[in-house]
Amino acid sequence: MEIASKYTPKEVEGKWYEYWMEKKYFKSTPDERKAYTIVIPPPNVTGVLHMGHMLNNTIQDVLIRRARMRGFNACWVPGTDHASIATEAKVVAKLKEEGVSKFDIGREKFLEHAWDWTHKHGGIILDQLKKLGASCDWDRTKFTMDADLSESVQRVFIDLYNKGLIYRGYRMVNWDPEAKTNISDEEVIYKEKNGKLFYLKYQVVGSDKYIVVATTRPETIFGDTAVCINPNDERYKWLKGQKVIVPIVGREVNIIEDEYVDLEFGTGCLKVTPAHDTNDYELGKKHDLEFIDIFTDEAKLNDYGMHYAGMDRFKVRKEIEKELEEKGLLEKVEDYKNNVGTSERTGVVIEPKISNQWFLKMTDLAKPALDNVMNDTIKFHPAKFKNTYRNWMENVTDWNISRQLWWGHQIPAFFYGDGNEDFVVALTKEEALPLAQEKTGNTALTLENLRQDEDALDTWFSSWLWPISVFNGINEPENEEINYYYPTQDLVTGPDIIFFWVARMIVAGYEYRDQLPFENVYFTGIVRDKQGRKMSKSLGNSPDPVELMNEYGADATRMGMLLTAPAGNDLPFDVELCLQGRNFANKIWNAFRLIKGWEIKEDAEQSTAQAKAVNWFENKFQQTLADIEHNYDQYRLSDSLMAIYKLIWDDFCSWYLEAIKPVFGEPIDRKTYDATIVYLENVLKVLHPFMPFLTEEIWHLIADRTEEEALIIAKYPEVSSFDETIIKSFENTKEATTAIRGLRSEKGMSPKEALEVFADGQAANEIYVDVFSKLGNVSNFNTGDKPEKGFAFRVGTLEFMVPMSDNIDVEAEREKLQKELEYNQGFLNSVRKKLSNEKFVAGAPEQVIANERKKEADALEKITQIEEQLAAL
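Going by full-length UniProt numbering, the sequence shown opens with residue 1, and the numbers climb by one from there.
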């Protein structure tokens with residue numbers, strides 16, 4: 001069989017993905033095996049693959065492939081999220097380009113456009129995941145707007161409403177003027193912005209006196225319904241019981257008193273705009289103030305804005321400053337930095353606004369979800385995120401679940417009148433009618449009298465059911481699949497959605513299944529560039545994952561992502577890591593070609609060196625496998641990968657193959673060859689979850705396999721005992737070989753020149769002499785008396801010497817060693833000076849101190865070696 005001289009990912013990856021799909025290796029149906037289930041964090045339906053997706057989905061694929069090989073019934077459920085705000089914004093923008101408003105065409109026609117958009121763009125990201133190698137059960141692909149998932153959402157809403165946990169209320173919300181919907185507190189991103197502090201003059205009624213009020217938002221004076229002072233403020237005792245006139249507006253408003261007012265901020269007088277500030281809203285309720293809404297949904301002034309009606313809020317701010325100044329109502333303006341809330345979705349400044357919305361009471365629902373994370377029934381990796389989770393869950397507020405959007409799950413509430421409470425909740429209008437007739441006592445009500453709430457539910461209100469609804473566990477709570485696959489095992493996600501999604505899925509799990517939704521949560525970090533900046537389109541520092549895969553191959557790109565991806569910590573990504581992955585793939589390919597190129601001689605004897613190397617690698621593999629599995633158990637996938645990398649690159653390719661390979665042109669014995677093939681297969685098995693394409697290709701080239709013998713379903717190696725003495729002896733052998741090779745290089749000796757080596761008896765017992773002799777090109781290994789002159793080297797406590805040939809200039813060698821000794825002694829003194837500095841030791845991080853102590857130990861060892869070499873000259 002001819003093997004290509006070079007590994008070419010493009011020729012391999014598509015072929016094997018089609019093969020896996022054709023053989024249905026990704027498909028899962030309930031059977032007698034134990035299930036291992038992962039549900040994908042559903043990306044936005046109109047999205048494309050970015051670096052964060054690639055990291056997250058590579059980790060999931062590693063976990064699912066390993067579970068499949070370990071004999072579990074592995075089920076990875078893919079899918080996408082309808083992403084209400086993002087998708088509606090794109091459809092609205094597309095229609096706007098065509099000169100059409102969504103309100104012109106109406107809800108039904110708009111939804112047709114939204115579905116067209118979804119069908120056109122919806123499959124892109126899933127196809128990109130296939131290129132990555134994601135082994136999802138694609139037959140199970142779900143979309144949060146699928147009919148059964150939509151029904152699940154509606155049923156949960158009705159159930160929670162009937163339990164008294166969902167209510168409708170007139171409350172302050174965060175309004176996104178671009179998306180024209182409210183958003184949750186968690187979707188508000190606060191950014192420090194340069195602004196101004198305006199000092200406005202409010203005339204006291206019945207006098208020519210003015211008080212000064214500081215505000216960052218003078219455009220909101222049209223909604224002022226009071227001015228508040230602190231009752232303990234001595235400066236304003238004279239104001240108690242007075243009224244003031246709102247500048248420009250001319251409205252008389254009361255002076256109210258409340259200790260909420262900060263004596264130190266501004267002037268100590270606070271303008272109160274209950275309809276447009278969260279804190280003012282609370283003051284308004286407490287003091288029974290009038291609520292005046294001055295903004296349209298686009299954040300333009302409405303008729304309350306007088307001559308500014310129809311003008312954008314920020315333009316009004318500029319214009320009103322001029323008018324206030326002209327009328328002598330502006331005392332001064334100062335530069336001011338403050339945190340401004342912006343919409344996570346659109347980036348615009350949010351506007352506090354009072355609105356009728358639907359809310360879910362969270363306090364009681366949150367308790368089991370909090371308790372079962374804090375007691376580690378559900379484990380977080382890393383555990384540091386438990387504190388973040390606890391802080392939010394202990395202070396959880398009612399969840400605002402309604403959005404002023406058409407794309408999404410329409411709220412199943414049906415109004416029969418104009419009042420805020422004139423509604424019933426039901427799955428359909430037909431089911432709602434008898435409820436409305438019963439509630440009103442009016443049997444004359446007809447379907448035409450009912451109108452469904454126009455609003456849609458928050459996108460997260462569907463995705464919080466995801467681990468249950470993908471198995472239809474809401475609509476059919478006792479179906480075979482939900483009972484088999486639920487709860488799932490591992491969730492892989494980012495900490496940025498710990499509140500939006502993770503916490504709420506846990507809440508839903510305990511509410512609707514009375515059990516956890518997943519056993520472990522693996523939090524990935526943020527992918528950053530090598531300068532530490534978060535990758536983003538605006539910075540232009542985020543590579544296209546598809547382009548990376550095209551250039552380096554999916555395996556190399558996966559490996560590049562995971563080499564520096566510790567759970568919960570940010571990933572400093574550099575394209576060089578993909579190059580390292582590609583080099584690793586080539587290293588394995590070349591090692592495989594070397595092995596397959598050997599001629600086998602059936603009656604050839606296995607040499608002692610080969611026997612010892614074979615024995616060593618069996619034990620080394622088991623030791624490394626134990627480390628790999630321990631790291632998996634701790635969700636340290638990067639550490640698992642690094643252990644595999646070192647096992648293959650260093651131990652297998654560099655040391656093992658070097659130790660067992662036959663002399664050039666000569667055959668290898670059957671026993672050594674067969675053992676080598678077993679070891680190659682074993683390292684391919686542990687590498688497969690990380691680099692599935694390369695490993696599957698080599699697996700099939702090693703031998704003709706039947707379709708039941710694909711690597712993707714091969715039995716994963718099991719950890720067994722290993723002999724640390726054998727491993728230690730080989731480590732000593734490696735160090736001795738490295739030392740003698742270094743000596744050759746340093747002294748100008750040819751690698752082809754066989755050397756005689758002297759050592760004590762202990763050395764002969766603690767290294768593999770046969771292996772050392774082969775790797776170090778040693779002609780004779782003596783344990784007798786050492787020669788008077790020679791080059792000494794050491795491996796731990798073991799001492800070795802190579803006799804000095806007559807053509808060596810002893811004096812020049814001594815002078816060279818003396819200089820090296822002086823350098824190392826100087827270096828040692830500088831390190832010890834640092835360590836003797838109590839201030840440095842007390843203030844430096846523990847790792848820094850440990851590094852300095854290692855430098856000290858290394859310098860001492862080097863000095864000892866040089867002194868021994870000098871003594872031997």
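Any given hint could be a false lead.
EDC-like mimics (lysine to aspartate or glutamate), calculated; alpha carbons at most 20 Å apart, straight line [unchecked claim]:
| hint | residue 1 | residue 2 |
| --- | --- | --- |
| 1 | LYS332 | GLU344 |
| 2 | LYS10 | ASP127 |
| 3 | LYS752 | GLU724 |
| 4 | LYS685 | GLU629 |
| 5 | LYS201 | ASP335 |
| 6 | LYS384 | ASP398 |
| 7 | LYS131 | ASP146 |
| 8 | LYS163 | GLU323 |
| 9 | LYS646 | ASP669 |
| 10 | LYS130 | GLU22 |
| 11 | LYS300 | GLU178 |
| 12 | LYS120 | GLU97 |
| 13 | LYS120 | GLU108 |
| 14 | LYS201 | GLU331 |
| 15 | LYS120 | GLU151 |
| 16 | LYS10 | GLU547 |
| 17 | LYS286 | GLU259 |
| 18 | LYS34 | GLU478 |
| 19 | LYS379 | ASP127 |
| 20 | LYS322 | ASP335 |
| 21 | LYS587 | ASP603 |
| 22 | LYS816 | GLU746 |
| 23 | LYS300 | GLU323 |
| 24 | LYS361 | ASP208 |
| 25 | LYS240 | ASP312 |
| 26 | LYS646 | ASP770 |
| 27 | LYS15 | ASP31 |
| 28 | LYS94 | GLU108 |
| 29 | LYS429 | GLU394 |
| 30 | LYS196 | GLU264 |
| 31 | LYS94 | GLU178 |
| 32 | LYS180 | ASP293 |
| 33 | LYS862 | ASP785 |
| 34 | LYS819 | GLU867 |
| 35 | LYS367 | GLU394 |
| 36 | LYS243 | GLU186 |
| 37 | LYS193 | ASP277 |
Derived Cβ-Cβ restraints for the label pairs, each shown as a range [stated by the list, open to error]:
| hint | residue 1 | residue 2 | range |
| --- | --- | --- | --- |
| 38 | ASP104 | GLU323 | 31 to 37 Å |
| 39 | ALA626 | ILE713 | 20 to 26 Å |
| 40 | GLU576 | TYR260 | 51 to 57 Å |
Read the hints as simulated data drawn from the structure, not as lab findings.
Every residue gets a Cβ at the ideal spot worked out from N, C-alpha and C, and that includes glycine.
Each hint, compared with the structure:
1. LYS332 with GLU344: Distance ~34 Å between LYS332 and GLU344 Cα, so the pair is violated.
2. LYS10 with ASP127: 16 Å, holds
3. LYS752 with GLU724: It is violated: about 33 Å lies between the C-alpha atoms, which goes past 20 Å.
4. LYS685 with GLU629: Distance ~13 Å between LYS685 and GLU629 Cα, so the pair holds.
5. LYS201 with ASP335: Holds, because 18 Å separates the two Cα atoms, which is no more than 20 Å.
6. LYS384 with ASP398: 25 Å, violated
7. LYS131 with ASP146: Violated: LYS131 and ASP146 sit about 25 Å apart, past 20 Å.
8. LYS163 with GLU323: 54 Å, violated
9. LYS646 with ASP669: Between LYS646 and ASP669 the Cα gap is close to 27 Å, so the pair fails against 20 Å, i.e. violated.
10. LYS130 with GLU22: Status holds; Cα separation ~14 Å.
11. LYS300 with GLU178: 11 Å, holds
12. LYS120 with GLU97: 18 Å, holds
13. LYS120 with GLU108: Roughly 19 Å separates the two Cα atoms, so the pair holds.
14. LYS201 with GLU331: The hint holds at about 7 Å.
15. LYS120 with GLU151: Roughly 24 Å separates the two Cα atoms, so the pair is violated.
16. LYS10 with GLU547: 12 Å, holds
17. LYS286 with GLU259: 12 Å, holds
18. LYS34 with GLU478: 18 Å, holds
19. LYS379 with ASP127: This hinted pair is violated, its Cα atoms lying about 32 Å apart.
20. LYS322 with ASP335: At roughly 16 Å apart (the allowed maximum being 20 Å), ASP335 and LYS322 satisfy the hint.
21. LYS587 with ASP603: Violated: LYS587 and ASP603 sit about 31 Å apart, past 20 Å.
22. LYS816 with GLU746: Given that 20 Å is the threshold and the Cα spacing comes to 11 Å, the pair holds.
23. LYS300 with GLU323: Answer holds: LYS300 to GLU323 is near 18 Å, not above 20 Å.
24. LYS361 with ASP208: With a Cα-Cα distance of about 50 Å, the restraint between LYS361 and ASP208 is violated, given a limit of 20 Å.
25. LYS240 with ASP312: 36 Å, violated
26. LYS646 with ASP770: 24 Å, violated
27. LYS15 with ASP31: Given pair LYS15, ASP31 is violated - Cα atoms ~29 Å apart, limit 20 Å.
28. LYS94 with GLU108: 17 Å, holds
29. LYS429 with GLU394: This hinted pair is violated, its Cα atoms lying about 38 Å apart.
30. LYS196 with GLU264: 18 Å, holds
31. LYS94 with GLU178: 15 Å, holds
32. LYS180 with ASP293: 16 Å, holds
33. LYS862 with ASP785: 24 Å, violated
34. LYS819 with GLU867: Judged against 20 Å, a Cα distance of about 12 Å means the pair holds.
35. LYS367 with GLU394: This hinted pair holds, its Cα atoms lying about 8 Å apart.
36. LYS243 with GLU186: Violated, because 38 Å separates the two Cα atoms, which is more than 20 Å.
37. LYS193 with ASP277: 18 Å, holds
38. ASP104 with GLU323: 31 to 37 Å: Holds, since ASP104 and GLU323 (Cβ atoms, about 36 Å apart) stay within the stated range.
39. ALA626 with ILE713: 20 to 26 Å: 24 Å, holds
40. GLU576 with TYR260: 51 to 57 Å: 55 Å, holds
Going down the numbered hints, you'll see the structure goes against 1, 3, 6, 7, 8, 9, 15, 19, 21, 24, 25, 26, 27, 29, 33 and 36, while the others check out.
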